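S.K.: Single-letter residue listing:
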Amino acid sequence: MADTPVPRSEPGKPPFRWLPYGAALLTVAACTAMDSLLYSHTDLANLVMVYLLGVLVLAYFQGTGASVFASILSVVAFDFCFVPPRFTLAIANAQHLFTFAVMLLVALSIGNLTAWVRAQAEEARARERRTAELYALSRELATTRGIDDLLGAALRHISQHLESAAVALLPDEKGKLTVRCGAASEFSLTPRETALAQWAYDFGQLTGRGTAIVPDAEALYVPLPASGETVGALAVKPLELGRLFSEEQVNLVEALAHQTALAVASDRLTDENQRIRVREENERIRSSLLSSVSHDLRTPLAAITGSASALLKDEGSIDPAGRKDLLENIRDEADRLGRLVSNLIEMTRLEAGPVELHKELHHLEDVVGSAIARMEERLAGRPITTSLPADLPMVPMDAMLMQQVFVNLIDNALKYTPASSPVEIAAEAGNGRMTVKVSDRGPGIPPEDLDRLFDKFYRGRLHGPTGGAGLGLAICKAVVEAHGGAIWAANRQGGGAVFQFFVPAEPATP
Amino acid sequence: MNTEHPPLVLVVEDEVSIRRFLKPTLQGEGFTVAETESGLDALAMAAYQHPAVVLLDLGLPDVDGLEVLRRLRQTSAVPVIVLTARGRDEDKIAGLDAGADDYLTKPFSVGELLARIRVALRHARTPGEDATGGPYDSGDLAVDLAARVVRVRGAEVHLTPHEFKIIALLVRRAGKVVTQKQILREVWGHAGHDQAHYVRLYVHQLRGKIERDPARPVHIVTEPGVGYRLRDA
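Residue numbers (numbering that gives the first Met the number 0), protein chains in the order written: chain A, 0 to 509; chain E, 0 to 232.
It is worth saying that the hints were derived from the structure and are not from the lab.
These figures come from a predicted structure and were not determined experimentally.
Be aware that a few hints might be false.
As the list claims (entries may be wrong) - Keeping only pairs whose Cα atoms sit at most 27 Å apart, straight-line, the calculated DSSO-like set for lysine-lysine is:
(1) E:K180 - A:K358
(2) A:K414 - E:K105
(3) E:K22 - A:K323
(4) A:K358 - E:K105
(5) E:K164 - E:K208
Unchecked claim - Chain E residues, not near chain A, derived (Cβ > 12 Å throughout):
(6) V62
(7) R117
(8) H157
(9) A167
(10) D212
Beta carbons are placed, not taken as given, at the ideal position from N, Cα and C, and that holds for glycine.
Work the whole structure out from these sequences, hints included.
M.R.: Next comes the structure, spelled out in structure tokens:
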């Protein structure tokens with residue numbers, strides 16, 4: 000029966016259960032009462048049948064022990080009440096001894112057979128329940144991704160089905176188990192209990208409550224065995240204090256654990272595949288970076304080396320204007336190299352992990368101003384206008400990174416537009432955000448470039464003679480997004496491109 | 000003490016390529032140049048040769064540049080200009096906190112270098128930075144600290160007391176970088192990090208009053224991540 004304690008799990012003998020024997024007593028009494036009504040109308044053999052019926056019913060409902068007890072009791076009661084001489088245990092006719100023997104034998108057989116049939120039926124039902132439960136879990140596991148969600152589903156099934164609290168423990172890098180998910184507050188994971196969980200994980204063996212290993216522990220510890228490895232352990236603790244799990248429940252938990260373990264292992268495998276794919280992608284990007292960067296580094300280097308060696312070799316054949324030209328070339332190319340290296344460093348830093356922003360309240364005007372100041376030489380008289388409302392609030396931002404955004408956007412405009420065409424910077428605040436536009440009157444952006452413009456190493460179709468590594472806009476995107484904003488590009492009415500971004504603007508309160 | 004003697008610039012830098020262009024450039028400008036790549040040597044040379052200016056790279060092979068600066072400051076008030084690599088803003092601030100007068104970010108142009116040295120030498124000649132000197136006059140901005148008068152394009156501008164204190168501080172250190180912390184300390188009397196935006200707010204207001212286009216300031220220039228600099232007259 001469902002709540003029979005697991006034999007091997009006994010910390011002591013189970014308490015003696017009186018109910019079946021009381022029921023046996025009552026049943027035999029009832030049979031005797033019925034027989035005394037029938038006594039005058041029928042012969043002894045039929046009275047025996049009534050007792051046998053009683054034993055049958057009892058065996059079905061109360062099991063073997065009660066039916067054996069009732070069988071013996073029936074024989075005694077029958078003898079005492081009905082076999083002449085009545086109301087003594089003595090027998091007048093020796094053939095009645097044979098009747099008793101057969102009656103006892105038949106009663107015992109009926110009892111045993113009935114109890115066995117009952118047990119079979121119980122087991123079949125339990126099997127069915129278990130199958131249904133396993134099926135339900137496996138269906139849920141099949142549609143769940145991620146180790147935490149998988150374990151969560153398994154714990155839900157287990158605690159529901161076993162009326163218990165459950166947690167999952169997974170090993171850390173050193174193989175030491177720690178609680179990964181579940182109702183940890185229900186557990187007092189003392190060193191002893193933790194050691195049991197560890198044992199279950201290390202040796203792939205059931206431990207704890209009701210098992211051969213520390214049977215009086217608080218919880219039952221079930222390993223999570225996948226093919227060839229144990230991925231962790233479950234701890235299951237009955238909600239009702241002092242209750243033990245039945246063998247069936249233990250079997251069910253083991254089956255659920257197995258299924259969960261397989262799901263977790265396969266999820267990890269998927270994760271691993273994902274990581275490998277990402278690694279391959281990174282590898283691809285890295286090599287494209289290398290070829291792109293090495294080209295972009297070598298070009299200015301070649302120009303610098305060439306110009307410098309020309310000046311060194313010169314013995315008066317280059318006129319002063321030519322010399323100045325060469326010198327300016329050296330300086331400009333070195334600047335370009337410097338910008339490229341800065342961008343590379345910046346990108347590496349932004350990609351190294353979650354960007355640590357030094358957000359403080361700043362006026363956009365200050366940030367734009369220092370960006371323009373940094374670009375002063377490159378601007379070389381290019382008209383650049385700023386329209387920043389005087390009441391633009393201070394906005395929390397990382398000034399250095401935001402300045403880089405403006406430098407890169409202005410640089411971008413300088414690269415892709417004719418030398419005298421104006422660059423405009425405008426901003427406005429509203430709806431909890433500050434929106435900034437950097438616009439030019441250049442050739443605009445080919446529609447097919449719009450989506451990929453901010454990708455790393457992507458260079459537009461129109462990339463000019465002073466192309467960079469395709470990092471500038473990617474850095475802008477990374478910075479703006481780290482601020483919780485977004486950046487995009489569009490073509491302007493009347494020609495030219497506009498790069499627009501927003502960042503959240505908390506109401507400034509200095 | 001001997002004004003006819005060309006001023007000595009002590010270059011403390013371990014990169015040969017940097018020294019290679021610094022030395023002839025400085026000599027060409029009429030300075031004498033002493034060089035070392037060791038922080039410890041630099042301390043000894045500063046003590047015995049009395050340089051007029053020290054150019055100090057922070058990344059030295061033997062001693063941390065900041066440590067050199069601290070030890071130097073225990074005995075000498077010589078102007079120190081720190082050389083830092085780009086993107087190391089915390090170095091600049093640490094250098095200024097440790098007593099540097101100014102900084103230059105590599106790569107820098109010769110023009111920038113000479114301008115910084117000029118400013119440092121001028122401030123060194125007027126010991127005690129609070130020496131009022133003459134009235135500040137640069138382009139359309141004129142500040143007379145003694146009379147507490149600020150004029151823009153000839154018209155007097157009314158400043159609040161805090162604004163005036165800030166412009167006064169910048170004028171006294173004209174051409175030199177002034178950190179936000181220094182402004183907080185000198186104008187408000189204390190320097191909590193979380194109050195830096197007060198400085199920015201007041202500078203913003205100040206620019207609104209004295210700059211033609213506050214988004215492209217010509218007088219109060221932002222040194223990103225560090226502070227402000229009043230462009231040299």
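S.K.: Would you list, in rising numerical order, the hints stated earlier that this structure does not obey?
M.R.: Hint check: 10 fails alone, others pass.
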